[in-house]
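Enquirer: Once you have looked at the hints, place chain E on chain B.
Chains as they are written, first to last, in the UniProt record's numbering: chain B, 1 to 308; chain E, 1 to 308.
Just so you know, the hints here were simulated from the structure itself, not pulled from any lab data.
There could be a bad hint or two in this list.
One copy or any two copies: either way a pair holds, since identical chains are not told apart in the list.
[Said to hold, decoys possible] Heads up, simulated DMTMM-like pairs for lysine to aspartate or glutamate below, C-alpha to C-alpha not over 20 Å straight-line: (1) K206 <-> E228; (2) K206 <-> E229; (3) K286 <-> E306; (4) K143 <-> D253; (5) K86 <-> E100; (6) K250 <-> E306; (7) K193 <-> E228; (8) K86 <-> E280; (9) K206 <-> D175; (10) K292 <-> D216; (11) K298 <-> E257; (12) K286 <-> D64; (13) K206 <-> E176; (14) K292 <-> E306; (15) K298 <-> E217.
Protein chains: 2
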Amino acid sequence: MSKLVIVGTVAFDAIETPFGKTDKILGGAGTFIGLAASQFNVDSAVVSVVGGDFPQDYLDLLSDRNVDTSGIEIVQDGKTFFWSGKYHNDMNSRDTLVTELNVLEHFNPVVPESYKDAEVVMLGNLHPMTQLSVLKQMNKKPKLAILDTMNFWMDCALDDLYTVMKHIDVITINDEEARQLSGEYSLVAAARKIHTMGPQYVVIKKGEHGALLFHDEHMFYAPALPLEEVFDPTGAGDTFAGGFAGFLAKTEDYSFENMKKAVIYGSALASFCVEKFGTERMVNLKADDVRKRLHAFKQLTQFEIELT
Amino acid sequence: MSKLVIVGTVAFDAIETPFGKTDKILGGAGTFIGLAASQFNVDSAVVSVVGGDFPQDYLDLLSDRNVDTSGIEIVQDGKTFFWSGKYHNDMNSRDTLVTELNVLEHFNPVVPESYKDAEVVMLGNLHPMTQLSVLKQMNKKPKLAILDTMNFWMDCALDDLYTVMKHIDVITINDEEARQLSGEYSLVAAARKIHTMGPQYVVIKKGEHGALLFHDEHMFYAPALPLEEVFDPTGAGDTFAGGFAGFLAKTEDYSFENMKKAVIYGSALASFCVEKFGTERMVNLKADDVRKRLHAFKQLTQFEIELT
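Next up, chain B with everything else stripped away, as it sits in the complex:
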């Protein structure tokens, strides 16, 4: 089993959807990635920063699930990163209401000594230079470096993004971001162009329309599970990434064939995340729930056609 180091925000979210609204609750990419990866019982650590206002209970929630929190710096006189957003009726788009960077503004990630030899590194969505700094702290090149990013960095730190992209194996972005980054409308053409920027594997997340994995001329597609009700999409993409990274760290097999399974695990975990507000569903998730959901994914996608 490989060690997994995760960098990403640990934050407060306040969310409004057609189904209701929350006060400040636990959120952040690092949190969702860590919770998803914890399903695989790998040795993982989250590298992040919070303020003195961050409840110990929230940190315990991660460490109780075998996620090392020693890399989460606590700035006692600072405030935790806060994001608030409101989803539209179709749940596919949202408005950001508040973004308070707070302690994140001067975040300088420090990888715990015992995780500098981790084989898998999951770089959650942050400034590309922050992501690069984590990679540079590793004692040796990881076997697998996965990067998540977003259009914001393409708009305001594109050269830095290009730089970190040269050092990673897998990039996960959504379809619109893939188009923006590549200048190509077709996702097949976009993935091919993104390959030339560094990552050998390109995962394009299409939300309710599933996810595509590209590697050279190979493609694999995992649908999102059609749900009766999507309650809160916050964290679904990070949960996908955490499931993907956690499965690969657990199995130590970084082949395309195994990545197909990782995409299915990521999709299955993400399908739980959206069922409740914030992390609520993920912290109550049992191994048997996951097993049943994976069975549902098989039912949804597998068919028998004999070809000669």
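Expert: For chain E alone, kept in the frame of chain B given last:
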């Protein structure tokens, strides 16, 4: 092998896409359905109407592929239905430029005597009462009646649509139409509601995002093949329906398990249709092309996860 009777337009199309534009070329739902179904060498007949301006070559193109055209009425002093449309840059939306109903305005479908015992009936998109009239001409209730429709009939002939829906087994509509027909946003909830209107099987077509098959609590998903270039989406939905109906007529197995395969065949054939203008790709399609494409669909979707 079952006989298949198809009702649908046989028409002229003029199409403009970012890749070019055509003069009047062969089009129409009945044409695309017939061409797709012809891949399965079933006994099929298209019931339609054309004007005296319709070239014999176009009719021969169907009959050469074992599609019976004796149910295509030729109104010598009338003009063939003509549709012209222009696709936007993303190819997902289009504007209709011209719709000339011509002989379609007084279309009274007549099922050839030798097809009144067909086991499979494919009702292409037409006025619901026209679709119903075909069903009523059958000597006995078909083993499988499939209906394709669109938002236009929901807007202007909803009660008639409800009437014909009570007599069919499968409905194929797109995601927006499923939402309009059911008043439900979630496609899972939409399909459940549409079941109560008649059809036991609901196929929701999501264009580049694939297709979903619903039956009671069972779901199956087939992606669209991600393509380097979509040249002309015209006829893709009808080609899907023709592949679906043709496969089921060929195999005479109307179970959910076999319908899953039919959805894959439909998706595979539709992925060819969009590669060229109009029917160009479909008339040049070889069995070996289809075999290879089905292999690509397996590669795209099949995975091995052992669950206990």
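Enquirer: When no copy is named, should K298 and E257 be tagged within, between, both, or neither for a Cα gap of at most 20 Å?
Expert: both (16 Å within a copy, 13 Å between copies)
Enquirer: Can you tell me if K86 and E100 fall within 20 Å by alpha carbon in one copy, between copies, both or neither?
Expert: For K86 and E100, only the intra-copy Cα distance (16 Å) is at most 20 Å; the inter-copy one is 45 Å.
Enquirer: I want to check one pair: K143 and D253. Are their C-alpha atoms no more than 20 Å apart within a copy, between two copies, both, or neither?
Expert: Answer is within; shortest intra-copy Cα gap is 10 Å, inter-copy 49 Å.
Enquirer: Given identical chains, is K292 near E306, meaning Cα to Cα at most 20 Å, within a copy, between copies, both, or neither?
Expert: This pair counts as between: shortest inter-copy Cα distance 12 Å, intra-copy 27 Å.
Enquirer: Go through the copies and call it for K292 and D216: within, between, both or neither, with a Cα cutoff of 20 Å.
Expert: Classified as between; 19 Å across copies, 32 Å inside a copy.
Enquirer: If the cutoff is 20 Å on CA atoms, where do K286 and E306 land: within, between, both or neither? Let me know, please.
Expert: Between. Shortest inter-copy distance 18 Å satisfies the 20 Å Cα cut-off; intra-copy 36 Å does not.
Enquirer: Between K286 and D64, at a C-alpha cutoff of 20 Å, which is it: within one copy, between copies, both, or neither?
Expert: within (14 Å within a copy, 59 Å between copies)
Enquirer: Treating 20 Å as the Cα threshold, decide for K206 and D175: within, between, both or neither.
Expert: Both: 6 Å inside a chain and 16 Å across chains, each within 20 Å.
Enquirer: 20 Å Cα cut-off: does K206 pair with E176 within a copy, between copies, both or neither?
Expert: Classified as both; 9 Å inside a copy, 18 Å across copies.
Enquirer: Under a CA distance limit of 20 Å, which applies to K206 and E228: within one copy, between copies, both, or neither?
Expert: Both: 18 Å inside a chain and 17 Å across chains, each within 20 Å.
Enquirer: Between K206 and E229, at a C-alpha cutoff of 20 Å, which is it: within one copy, between copies, both, or neither?
Expert: both (18 Å within a copy, 18 Å between copies)
Enquirer: When no copy is specified for K86 and E280, does a C-alpha distance of 20 Å or less occur within a copy, between copies, both, or neither?
Expert: within (18 Å within a copy, 47 Å between copies)
Figure legend: structure checked against the earlier numbered hints; every hint is met.
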